[in-house]
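Single-letter residue listing:
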Amino acid sequence: MDINIEDILADLDRDTTAIDSGSAYLSSEHDTTRFSESNGDHKDVDRQVEVQKTSSHKTISAAADYECLVTHWRNERVAPELLAFPHLLMDRILHRLNNQIEHLENLSMGFLEHNFDKESKLPLLCMEAEVERLKFVVRSYVRCRLHKIDKFSLYLRQINQDRSNLESLNDLLSRQEMIYHERHSEILLKLFNNSILKHMPQELQAIDDTEGSVNMIDAPNWGKFVFLFVRGSPEGSSDPLQETNEDGQACYLVTIPELNEEVELTIGGIYVMRYHIIKHLLREDKVVLI
Amino acid sequence: MGYYDVDEILAAGTKFSCKFNYDIPGLGYLEGNPGRQLNKNAKIELPLWLASVLAIVTGDQEHDDEEALPFVQFLSPEMFSSKVVNAIKSDAPTLDVHSISGQFYTLGIKWATLFSDVELAGVINKMLLERALEINRHASSVSVDAGVAPSDSTGTLLMTLDEFEKKLYKETHDTYRDAKLWLSRR
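Each protein sequence line maps, in turn, to chains A and B.
For the first sequence, the UniProt record's numbering gives the first residue as 1, with consecutive numbering after it.
For the second sequence, the UniProt record's numbering gives the first residue as 1, with consecutive numbering after it.
Derived from the structure by calculation, the hints contain no laboratory data.
Where a beta carbon is used, it is the ideal one built from N, C-alpha and C, also for glycine.
Misleading hints may appear alongside valid ones.
[As the list claims (entries may be wrong)] Label-pair distances were calculated between CB atoms; the ranges are:
1. A/Gln202 to B/Asp7: 27 to 37 Å
2. B/Val85 to A/Ala64: 50 to 60 Å
3. B/Ser82 to A/Phe227: 36 to 46 Å
4. A/Arg231 to B/Phe115: 25 to 35 Å
5. B/Lys43 to A/Ser213: 43 to 53 Å
6. B/Asp96 to A/Arg183: 48 to 58 Å
7. B/Leu181 to A/Gly268: 30 to 40 Å
8. A/His280 to B/Thr113: 24 to 34 Å
9. A/Glu182 to B/Tyr176: 34 to 44 Å
10. A/His280 to B/Gln37: 54 to 64 Å
[Unchecked claim] Residues of chain B placed beyond 12 Å of chain A at every Cβ, according to the derived structure:
11. Tyr4
12. Asp5
13. Glu8
14. Ala12
15. Asn21
16. Gly28
17. Asn33
18. Ser76
19. Leu95
20. Ile100
21. Asp117
22. Lys166
23. Thr172
24. His173
25. Asp178
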């Protein structure tokens, strides 16, 4: 008779890993403390970051935030619409970035006072490079969003005016982006008005005319095909949307309305799919765009 | 399909021959002789942006018993005639689309939407698929050196592409080239 003891083993495993990681983490901490005593204070931060990484991988951490930012960045680059702005995440990241830059400056002050031979410059270089990398991602992300705001400025204004709409513009845009959006469309409107529109008959002067033969408001191309990776829910269980297919693999069922066809998105698979079909899955972080 | 899309505007400027269903005074300048009236059944070339609206808007009913006719009626254009459709069906990849129309796909889409022409849509769909394969084949055979001109067969192909396909070719080509450059030189 086979007795399945995997649950018990898993329980035991969890205990041991906890001890293991704890001891490893302790030992590494000792290592770094020793270094920091001999080599100056810049190791302290490395240790702090490490502590953050190891001890709090479930809760908010710098590493997890970075991962999250990269996901947001990638989604934003590929998605046809403007995605919601991650206010809290960006606040945390910008705050950290400021702190780190300040810290870097303090460290380089230390280099002036101490002897160069004793101190290794490598950690400083790494930290500088890391800051640059993070700054690049943030910059690229913001620029990509600004591009979309330019493109959809009339559409965003329509959302704002439409009181019945579910999303408000405040969730969609950051504060600075709101200012940019308002000022930019103002300037553009002024240019159009002064150069051409004022010579038009009264009823043709609207910049956001939807009744004419061609709709002047460019909405996002909801039918755009995107590549997507099905990530599944982070916990692995308790997901109401998730179902099991014939082969026993977990999957999501989505329906393509034009063809009236059901498609199962197996977890771990890569698909090419119209954007509006997988929009709700993207919102809930079940899939990521690539 | 945006409002500010230049290709779209150019495509909408393509002329189609239409037939007028009414006598309309004052519109003689469409025919080239202003000041006169436009006669019923006159055949005129109208740009698509004008014709597509006039073909939908109906005039006054002449007699109560019949349905109101739109101002103009499209005559079936040369570029979607059975001759062209047969040529597409027989061998799409070698067809010289550019000589038929520089904006073939955009116009094809517009035409198919206007008349709900399922058959035409199917033909154009298949044609695009077949030609896309050919375009990919040519675009993927890129040389890393920037100065080298495309080979003869690619050059001939490029002459036969319509505007949309040119854009497609350019994008595919650039992607392949950039990937190759990155792999070889870093």
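Taking the hints in turn, this is what the structure says about them:
no. : hint                             : result
1   : A/Gln202 to B/Asp7: 27 to 37 Å   : holds, 30 Å
2   : B/Val85 to A/Ala64: 50 to 60 Å   : holds, 57 Å
3   : B/Ser82 to A/Phe227: 36 to 46 Å  : holds, 39 Å
4   : A/Arg231 to B/Phe115: 25 to 35 Å : violated, 44 Å
5   : B/Lys43 to A/Ser213: 43 to 53 Å  : violated, 23 Å
6   : B/Asp96 to A/Arg183: 48 to 58 Å  : holds, 49 Å
7   : B/Leu181 to A/Gly268: 30 to 40 Å : holds, 32 Å
8   : A/His280 to B/Thr113: 24 to 34 Å : holds, 28 Å
9   : A/Glu182 to B/Tyr176: 34 to 44 Å : holds, 41 Å
10  : A/His280 to B/Gln37: 54 to 64 Å  : holds, 58 Å
11  : Tyr4                             : violated, 7 Å
12  : Asp5                             : violated, 9 Å
13  : Glu8                             : violated, 8 Å
14  : Ala12                            : violated, 8 Å
15  : Asn21                            : holds, 20 Å
16  : Gly28                            : holds, 23 Å
17  : Asn33                            : holds, 27 Å
18  : Ser76                            : holds, 22 Å
19  : Leu95                            : holds, 25 Å
20  : Ile100                           : holds, 25 Å
21  : Asp117                           : holds, 17 Å
22  : Lys166                           : holds, 20 Å
23  : Thr172                           : holds, 15 Å
24  : His173                           : holds, 20 Å
25  : Asp178                           : holds, 16 Å
In terms of the numbered hints stated before, the structure departs from hints 4, 5, 11, 12, 13, 14, listed from lowest to highest.
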